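**Student:** Sequence:
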Amino acid sequence: MKSNDGHNSDLEASSGAAARQIDVAPSPSSGPAPFQTGHVLTFTFVHGVHDTYSAFMAPLLPALISKFSLSMTEAGFLDFSRTIPALLQPVIGHLGDRV
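For the sequence shown, position 63 matches number 63 in my numbering, and the numbering has no gaps at all.
I should point out that these hints are in silico values taken from the structure, not numbers from a laboratory.
The model shown is predicted, which means the values in this text are computed figures rather than measured ones.
Glycine included, each C-beta is placed from N, C-alpha and C at the ideal position.
All clues given are correct.
Taking CB as the label site, the calculated pair distances span:
1) Gly-76 <-> Pro-32: 45 to 53 Å
2) Pro-34 <-> Ile-92: 19 to 27 Å
3) Ser-66 <-> Pro-32: 53 to 61 Å
4) Asp-97 <-> Ala-75: 33 to 41 Å
5) Pro-59 <-> Leu-88: 21 to 29 Å
Start from the sequences and build out the full structure, keeping to the hints where you can.
**Tutor:** Laid out in structure tokens, this is it:
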């Protein structure tokens, strides 16, 4: 049924009732999450270890091959192991964003 202002009052009444049923009071916000220093320091330390390992692996590889009698395959796996964190970066980045 149309009201004087041209709106359909039946539609407004039914949509208003539906809106009241769906509306939920917002929960009070507890503010921003506290800064997690432990997580940041852990990620920083692990990143530093990885960078140090990556920087020293190539120059030390010939010495490691001779000292431990490594085959070229084993030396290749040692070199490849430094790229594993790069393969995991998308997952680690996603988890870091959630922290």
